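S.K.: For reference, the chains in residue letters:
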Amino acid sequence: MNEFSFLLLAFITYLLAMLAGFISLFRPKIHWRRVSYYLGLGGLILHTISLITRTVHSGQAPFTTMYESVSFLAWSCVLAVIIFERKFRLEKTGPYLWLVVVALMALASSPALPKAVNPLVPALQSYWLWLHVSVTLLGEAFLAVAFVASLLYLLTPEKKLSQPGQEARREKLDQLAYRAVAVGFPLFTLGALVFGMIWASKAWGRYWGWDPKEVWSLITWLFYALYLHTRLVHGWKGKRSALIAVLGFLAALFTFFGVNYFLSGLHSYA
Amino acid sequence: MSSGAWKFLASLRLAIALLILIIILAVIGTLIPQEQEADFYRQHLPGLSGLILFLNLDHLYRSPLFLSLVFLFLLNLLFCALQQLPARFRRLRIQGEPGAGTVSEGPEPRDRSRLERWLGDELARLQDIFRKRRYRVRLVSTEQEKIFLARKGLPGLFGPELVHLGLIVIIAGGLISAIFSQRISLALVEGQTEKIPGQNFSLRLDRFTTEYYPDGSVRDWKSLVSVLENGQVRLQKTIEVNHPLKYGRLSFFQMSYGRDWDRTSLELEIGWPEGGIQTIRIRTGESINLENGARLKALSFIPDFQVDSSGQAYSRSPEAVNPAALVEMVEGDRQLFLGWVFFGHPDLNRYQRQTRPGLKINLKSFSAPTFSVLEASSDPGANLVWVGSGLLILGLLASFYLPYREVRLKQRAGAHPVLSTYARKNREAFRQEVSHLLGLAGKKELKDKTDE
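Which chain is which? The protein sequence lines are S and P, in order.
Here the first sequence is numbered in my numbering, starting from 1 and rising by one per residue.
Here the second sequence is numbered in my numbering, starting from 1 and rising by one per residue.
Treat the hints with care, as some may be off.
Said to hold, decoys possible - Listing some non-contacts, in silico: residues in chain P with all C-beta distances to chain S over 10 Å: (1) Q43; (2) A81; (3) F130; (4) R138; (5) G198; (6) R219; (7) G231; (8) D379.
What the hints assert, rightly or not - Below are the DSS-like pairs computed for lysine-lysine, each with C-alpha atoms no more than 25 Å apart in a straight line: (9) K160(S) x K237(S); (10) K202(S) x K195(P); (11) K172(S) x K160(S); (12) K297(P) x K360(P); (13) K237(P) x K202(S); (14) K29(S) x K92(S); (15) K239(S) x K425(P); (16) K195(P) x K297(P); (17) K425(P) x K172(S); (18) K237(S) x K172(S); (19) K195(P) x K246(P); (20) K92(S) x K239(S); (21) K237(P) x K87(S); (22) K7(P) x K237(S); (23) K237(S) x K425(P); (24) K92(S) x K160(S); (25) K195(P) x K222(P); (26) K222(P) x K202(S); (27) K87(S) x K159(S); (28) K87(S) x K152(P); (29) K222(P) x K237(P); (30) K237(S) x K87(S); (31) K132(P) x K87(S); (32) K172(S) x K29(S); (33) K159(S) x K92(S); (34) K222(P) x K92(S); (35) K29(S) x K160(S); (36) K246(P) x K222(P); (37) K87(S) x K172(S); (38) K246(P) x K202(S).
Please keep in mind that the hints were generated in silico from the structure rather than gathered at the bench.
Model, not experiment: these values are computed from the prediction.
All C-beta atoms in this analysis are idealised placements derived from N, C-alpha and C, irrespective of residue type, glycine included.
All chains, full assembly: derive it from the sequences and hints.
M.R.: As structure tokens, this is what we get:
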């Protein structure tokens with residue numbers, strides 16, 4: 001069994017977890033949510049085995065190629081979902097988060113992302129690779145949770161709000177998004193910006209060069225800084241801050257994928 | 001400074017406006033290629049080039065507009081911190097008014113006696129309850145008042161200020177870097193020594209090696225260099241990517257390598273029409289006398305031969321993709337051969353002219369000395385950026401993971417006891433939690449002013 005087989009098994013397990021999650025929305029019996037949770041946990045274990053196997057086989061960190069990074073991001077999202085499910089009940093957000101995970105896994109498994117192990121170019125031969133990429137992707141996983149919660153917040157139809165309990169439900173989505181950003185933002189700051197700057201100064205002699213990847217990670221950071229501050233201004237909390245959380249995650253996605261494919265610079269290998 | 005200006009510079013709305021503006025400009029800067037020649041924009045973005053150059057969008061991140069926004073942001077951070085810090089320090093005091101944001105109430109009549117008992121006989125138990133929850137407890141008991149104060153997460157109180165201070169330091173460091181940082185590029189062949197401009201030492205490349213992976217891609221470049229001061233070797237070290245050399249105030253980085261094609265050694269094979277094959281080794285720019293009286297000259301070498309629209313030969317890339325040498329053979333004042341010989345195409349004679357039919361010249365092999373490309377940089381702003389980053393991260397951790405909480409039970413002589421609670425986030429939830437903890441039944445009354 002190679003790492004790709006384990007990845008596919010994890011993919012299928014996550015798919016089942018998602019289905020169980022969606023079923024639990026329509027049949028709110030407790031055990032469907034539990035099924036979803038345990039399937040998710042099982043998938044995470046399989047996925048972890050896949051990552052470890054890949055690391056041993058390639059002799060490198062399992063997030064240097066696009067395929068590896070997407071797989072690791074999916075893994076981090078599952079970790080975030082499991083942690084949040086344990087600490088706060090996810091209810092509606094859970095199945096949609098699984099949808100994000102499934103989409104990432106589908107992308108990782110697809111032929112669009114070559115599975116070959118690429119030997120590391122000299123610039124990537126540093127232990128900062130481990131710290132910079134992993135902490136950034138972990139942070140982004142939690143920002144993904146905020147993304148889904150905020151999207152659900154924005155998509156709550158107005159007329160539904162008059163129903164009993166719906167206003168409180170929507171408030172919970174807002175709270176969930178905030179809590180997720182509270183975890184994701186510091187991790188993203190540390191991984192993407194601070195570790196990124198340290199590594200850049202070691203490899204290229206300058207900690208910041210305004211190259212597109214660096215600028216877009218800064219843009220992502222600014223969006224979440226904006227998010228945190230708009231929550232303090234009456235009238236901006238609620239819909240506007242949810243919108244900013246959504247835009248911020250889209251900026252994070254662009255930093256991850258878009259820059260490599262549409263813009264160019266020193267960063268264009270991953 | 002007028003209080004209006006102060007309020008403006010310290011305001012949250014300014015911060016929000018600046019964040020939005022900086023985001024928009026930053027995005028634009030990634031969509032328009034930066035730091036190119038004016039002609040580049042005229043060629044590739046014909047309609048917009050005028051606007052781009054006028055608004056400095058070609059070097060947006062060091063344009064006056066962008067820098068002013070960053071500077072304004074710096075002021076905003078500074079003024080906000082100056083405005084908030086007094087309130088924060090006030091909150092540290094045990095006595096005195098708790099300050100904005102605290103939820104206080106004179107309790108419902110039915111809770112009064114309960115609170116009095118807490119401050120009286122059950123004080124020890126009260127301390128215990130909060131100590132168990134890892135609160136720090138302080139007591140003040142004078143004739144005028146009795147105060148019980150339980151606090152948790154004190155660093156978290158200053159979290160946002162620490163974040164802002166970190167950002168201020170980072171931006172300051174960035175400005176210093178922008179003005180004072182230096183970069184020097186060096187290309188050294190093995191054995192070459194270069195004096196470093198502005199410094200009192202030289203760098204000598206002792207050995208340069210390129211390591212390859214089995215599939216042929218580059219694995220590593222290693223430059224073994226010696227630092228020389230007054231002719232003495234002070235230090236010898238290998239520079240690799242991610243492993244720079246620090247000396248004096250400079251750091252030397254392995255950026256890449258190149259080949260000195262102007263000093264390529266050629267191995268030419270000459271096939272004489274009367275028979276016989278001769279192998280000659282010659283360097284570009286040199287000439288050699290052959291035994292039969294002819295003279296061979298290696299005029300130039302192009303690693304990636306291409307001919308442009310005007311018939312001029314040039315190199316498409318610095319890689320040896322289509323190596324070609326320009327060779328001339330003369331006998332007295334008669335030219336026997338002049339033309340390009342190709343490493344990959346021995347029979348290609350389109351770019352040759354010869355008066356001795358049957359004469360054939362082939363390029364059998366070639367090698368060019370490698371030079372190592374090092375870059376030296378000095379950046380006095382960098383250390384500030386590291387300090388600022390540390391403060392930023394500590395501030396974020398403190399703000400989010402050490403939330404400040406405060407429970408204060410205070411009774412002035414002759415008055416009813418007052419319960420105040422303060423929490424940055426989830427004030428209501430915290431208040432209810434504390435009321436429940438103390439066994440209070442009363443309905444809460446909100447005196448909640450948002451102060452931050």
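S.K.: Could you run down the list of hints and mark each one as holding or not?
M.R.: These are the hints, each one checked on the structure:
Separation of Q43(P) from chain S is adequate, the least Cβ-Cβ distance of about 18 Å exceeding the 10 Å criterion. A81(P), annotated as away from the interface, keeps every beta carbon of chain S farther than 10 Å; the closest lies near 14 Å. The claim that F130(P) lies off the interface holds: its Cβ sits roughly 24 Å from the closest Cβ of chain S, which is beyond the 10 Å cut-off. Listed as outside the interface, R138(P) is consistent with that label: its C-beta sits roughly 29 Å from the nearest C-beta of chain S, beyond the 10 Å cut-off.
Non-interface status of G198(P) relative to chain S is upheld: no Cβ of that chain comes within 10 Å, the nearest being about 16 Å off. Its closest Cβ contact with chain S, about 7 Å, brings R219(P) to no more than 10 Å, contrary to its assignment away from the interface. No Cβ of chain S approaches the Cβ of G231(P) within 10 Å, the least distance being about 28 Å, so the stated non-interface status holds. The claim that D379(P) lies off the interface is violated: its Cβ sits roughly 7 Å from the closest Cβ of chain S, which falls inside the 10 Å cut-off.
The hinted pair formed by K160(S) and K237(S) meets the criterion: a straight-line CA distance of about 20 Å does not exceed 25 Å. About 23 Å separates the Cα atoms of K202(S) and K195(P), which keeps this hinted pair within 25 Å; it holds. With a C-alpha separation of about 15 Å, the suggested pairing of K172(S) with K160(S) holds against the 25 Å cut-off. Our distance criterion of 25 Å between C-alpha atoms is met by K297(P) and K360(P), whose separation comes to about 15 Å.
A distance of roughly 16 Å separates the Cα atoms of K237(P) and K202(S); the hinted pair therefore holds under the 25 Å criterion. Among the hinted pairs, K29(S) with K92(S) is consistent with the structure: their alpha-carbon atoms are about 13 Å apart, no more than 25 Å. Between K239(S) and K425(P), the direct Cα distance comes to roughly 19 Å. Compliance with the 25 Å bound is thereby established for this hinted pair. A C-alpha spacing of about 34 Å is found between K195(P) and K297(P), which places the hinted pair above 25 Å, so the restraint is violated.
At most 25 Å may separate the alpha-carbon atoms for a hinted pair to count; K425(P) and K172(S) meet this at roughly 14 Å. With a C-alpha separation of about 13 Å, the suggested pairing of K237(S) with K172(S) holds against the 25 Å cut-off. As the CA atoms of K195(P) and K246(P) are separated by approximately 16 Å, the hinted pair is consistent with the 25 Å bound. Proximity of K92(S) to K239(S) is assessed by CA-CA distance (about 18 Å); at most 25 Å being required, the pair is judged to hold.
Restraint check: the Cα-Cα separation between K237(P) and K87(S) comes to about 52 Å, which exceeds 25 Å; the hinted pair is violated. Distance restraint check for K7(P) and K237(S): the Cα-Cα separation of roughly 22 Å lies within the 25 Å cut-off, and the hinted pair is therefore satisfied. For the hint linking K237(S) to K425(P), the alpha-carbon distance of about 14 Å falls within 25 Å, and the restraint holds. Simply put, K92(S) and K160(S) have alpha-carbon atoms about 15 Å apart, close enough for the 25 Å limit, and the pair holds.
In summary, the hint linking K195(P) to K222(P) is supported, as the alpha carbons are separated by about 20 Å, within the 25 Å threshold. Our distance criterion of 25 Å between C-alpha atoms is met by K222(P) and K202(S), whose separation comes to about 15 Å. For the given pair, K87(S) sits about 31 Å from K159(S) by alpha-carbon distance, which is inconsistent with the 25 Å threshold. The suggested pairing of K87(S) with K152(P) holds, with an alpha-carbon distance near 21 Å, which does not exceed 25 Å.
Restraint check: the Cα-Cα separation between K222(P) and K237(P) comes to about 10 Å, which is no more than 25 Å; the hinted pair holds. Distance restraint check for K237(S) and K87(S): the Cα-Cα separation of roughly 24 Å lies within the 25 Å cut-off, and the hinted pair is therefore satisfied. Taking the CA atoms of K132(P) and K87(S), the gap is about 22 Å. The hint holds against a cut of 25 Å. Note on K172(S) and K29(S): the hinted pairing holds, with a Cα-Cα distance of about 20 Å set against a maximum of 25 Å.
The straight-line distance between the Cα atoms of K159(S) and K92(S) is roughly 18 Å, inside the 25 Å bound, and the hint therefore holds. As the CA atoms of K222(P) and K92(S) are separated by approximately 55 Å, the hinted pair breaks the 25 Å bound. Of the supplied pair hints, the one linking K29(S) and K160(S) holds, its CA atoms being roughly 22 Å apart against a limit of 25 Å. Restraint check for K246(P) and K222(P): the C-alpha separation of about 16 Å stays at or below 25 Å, so the hint holds.
For the proposed pair K87(S) and K172(S), the alpha carbon gap of about 14 Å is at most 25 Å, so the pair holds. Distance hint between K246(P) and K202(S) is fulfilled; the C-alpha atoms sit about 11 Å from each other, no more than 25 Å.
Checked against the numbered hints given earlier, the structure breaks hints 6, 8, 16, 21, 27 and 34 and satisfies all the rest.
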